[in-house]
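Please arrange chain C on chain E, whose structure you already have, making use of the hints.
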Amino acid sequence: MDDPFPETTVTRRGFLGLLAGSLAAALGAAAGSCGLAYFLSPAFSREKDEWVDIAGVDDIPLGAPTEVKFTQRRRDAWLVAEGLASTWVLTRDRAHFIAYDPHCTHLGCPYRWSRTRNEFLCPCHGGVFSMDGKVLAGPPPRPLDRYPTKVEAGRLLVIPLPARGMR
Amino acid sequence: MSARSRIGAWLDERAGLDRVWQALFARHIPAIGPARGWLYVFGGTTLFVLLLQAFTGALLAMNYAPSPDHAYDALRYIESRVLLGRFIRAAHHWGANFTVVLISLHMLRTFLFGAFKFPREATWLTGVLLFFAVFAFAFTGYLLPWDQKAYWATVVGTNLAGELPLAGHAFELVLKGAPQLGAATLARFYAFHILWLPATAALLLGAHLFLVVWHGISQPPVRRNYPPDQPGWQDEYRRRYALAKEEGMPFFPNAVLMDIVACVLAVVLLTALALHYGAPLENPADPTDVSYNPRPAWYFLFLFEALKGFPGWLEPLAAVVLPGAALLALLLVPFLDRGSRRHPLDRPFWSGLGAAALAGLSALTIMGARSPLTNPEVRENQGIVEGKRLYRRLDCGYCHQVAGRGGKIGPALDKIAQPHPAPWLEAHFRNPQALVPGSVMPKLNLLPDEINALTAYVRLLEPKVSYTPRAPELFMANCAVCHTLDGKGGRVGPDLTHIGSVRGTGYLRRYIADPTRFYPNAVMPSFKNRLTEVQIEDIARFLKGPRRQPKKS
Chain E
1 MDDPFPETTV TRRGFLGLLA GSLAAALGAA AGSCGLAYFL SPAFSREKDE
51 WVDIAGVDDI PLGAPTEVKF TQRRRDAWLV AEGLASTWVL TRDRAHFIAY
101 DPHCTHLGCP YRWSRTRNEF LCPCHGGVFS MDGKVLAGPP PRPLDRYPTK
151 VEAGRLLVIP LPARGMR
Chain C
1 MSARSRIGAW LDERAGLDRV WQALFARHIP AIGPARGWLY VFGGTTLFVL
51 LLQAFTGALL AMNYAPSPDH AYDALRYIES RVLLGRFIRA AHHWGANFTV
101 VLISLHMLRT FLFGAFKFPR EATWLTGVLL FFAVFAFAFT GYLLPWDQKA
151 YWATVVGTNL AGELPLAGHA FELVLKGAPQ LGAATLARFY AFHILWLPAT
201 AALLLGAHLF LVVWHGISQP PVRRNYPPDQ PGWQDEYRRR YALAKEEGMP
251 FFPNAVLMDI VACVLAVVLL TALALHYGAP LENPADPTDV SYNPRPAWYF
301 LFLFEALKGF PGWLEPLAAV VLPGAALLAL LLVPFLDRGS RRHPLDRPFW
351 SGLGAAALAG LSALTIMGAR SPLTNPEVRE NQGIVEGKRL YRRLDCGYCH
401 QVAGRGGKIG PALDKIAQPH PAPWLEAHFR NPQALVPGSV MPKLNLLPDE
451 INALTAYVRL LEPKVSYTPR APELFMANCA VCHTLDGKGG RVGPDLTHIG
501 SVRGTGYLRR YIADPTRFYP NAVMPSFKNR LTEVQIEDIA RFLKGPRRQP
551 KKS
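For the protein sequence lines, the chains are E and C, in the order given. If you use this note's numbering, the first sequence corresponds to residues 1 to 167, in order. If you use this note's numbering, the second sequence corresponds to residues 1 to 553, in order.
It should be emphasised that the hints constitute simulated quantities derived from the structure, not laboratory data. Honestly, I wouldn't trust all of these hints.
Lysine to any residue pairs mimicking SDA-like chemistry, simulated, CA-CA at most 20 Å apart [as the list claims (entries may be wrong)]:
#, chain 1, residue 1, chain 2, residue 2
1, C, Lys415, C, Leu447
2, C, Lys415, C, Ser501
3, C, Lys443, E, Ala85
4, E, Lys69, C, Ser501
5, E, Lys69, E, Gly56
6, E, Lys48, C, Ser501
7, C, Lys443, E, Gly56
Just chain E, with the same shape it has in the complex (with noise of 0.2 Å):
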């Protein structure tokens, strides 16, 4: 007959050996869950933005872009402030709007619209983009975001963070 409890080679002093390794592993292990979460956690935040009033349908000329400066009361984490923000406009009937986010989508430089070349130029690698925000030359990975933009009463309104879905 086979022996039900075979001798083991665990000995009392490596069980509680085990026993303390065990629960100061999960000691360690549940602090720095908690740490890790807290750590981590901006990289789960949503920040709601709220539409801006930033301009009269009727002040953005036609057919070309224009950059429209607004100032932006938002929340940066424990403070509230206000300050200037910007967007390049495109409208060819100002029924529907067009609002960028000013940013190259490379690596955020602040691209202007080139009259003469009728072409949006990054000055930092050389991205190049179209009226319609396509690439046309350069690193971009994609079109220039946008903003969603409404119109209320007679104002433009934007929501001055590029949705996620719109890049």
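For chain C alone, kept in the frame of chain E given last:
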């Protein structure tokens, strides 16, 4: 050789891990026995909670700015917007309390067992310095939230330091960094709390732990079983200790396991307290507030209470000289209580003195905790507090008056005749011109939270209605036939919409009761026989205003 042992051998050759293990964990300690062994866990548990404090503190520092105009908001941010922020902060708060308790228990055990005696005097010295460091951590950490408690506890604490004879004022200035408690103080305390003190504590801790390992832990004393108390008893002590160590057991796993079990218990308790009670955060520091009751943390209550018993001219004695002498005595314990006897009952004088000191501290602490508050406790709504701060920050007082102070461009907010319902105020803050065409109030692009806070505050400012819900009905039944109010009613008598701004409640009451007292030929009938006095008073208050906006159907 297996892969595991090959890695082990590789590491051992390069880092000497085996010898480190032998020196720290496999070393022999005297057998202590399971029951008394639990009295030896406080040191290890204090160490663990201190490490936990460093961990949670480093996390909190990632969302903090040591500046009076940001600190409090950063704390609110941690509490409300950072994942697990509330919990981590509460764990740091309770961890501080635990550290104070555990290090005190550790010291008490060391004192009772006479473990500070030869050859462990230096261990005691570094331990007491660590004890001071823990209190310095507590004192400096207290200011960082920049709330009322923080501010006033630090005002009292730094003034206390100013009581130091001779150099008091200079010492206070160095502590505060500026004549008044403010930006320099907060930056300084933060630097102490996260840089100077941790560095100091780490050095002391290194020395303390080295000495603990070097000398080995002391044995629990056995009554009347000591080397004879004569010169050279130290050699005999050494001989006996070496023997006990040889007959003892390795530090790992038994003693380590007990330490770890104690740490697990501490963490479970700490987590429960942190989850259940959180960490307090009062209103933002307000140097002008006269309704606050400053109270220190419980571990400083004894001093708080003791200070009450001394007249002004003896203040330096209570504030600095006596506590200073007590701390010095604590530091010098190994050089005062000498000789080979270790059991507390075999050194009755020192045990008695320790017990008396402990009893005195406990009594003072309990008295301090029970001492009545001078001012009634006011719990303000958080939204209103935020609204008040925003009102100041946005400089609303440039145009509006509150309590007679402020500009006259907009209406005085505490004298508005017709209080506005919250939705109206919210819409108004969002876009003033949309509700009041031609309003000069600027559109401020406020965030939704800010609108809610301002609404809560402005609603609080508005005068309260003082009439009963029956008053509008009484007016409709008795007065509206002839009088118009807020655009509704008859036109036989004068419009009463603005009567409240020119006549007082008393006048209105007397007039309603008997108009002929004022105008002998008055057409208006007397109401003193038609309505009760209470009803007349109710209508008078209703007319005086302010009146609630009728609900929109």
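Practice item. Would you list, in rising numerical order, the hints stated earlier that this structure does not obey? Key: 1, 4 and 6
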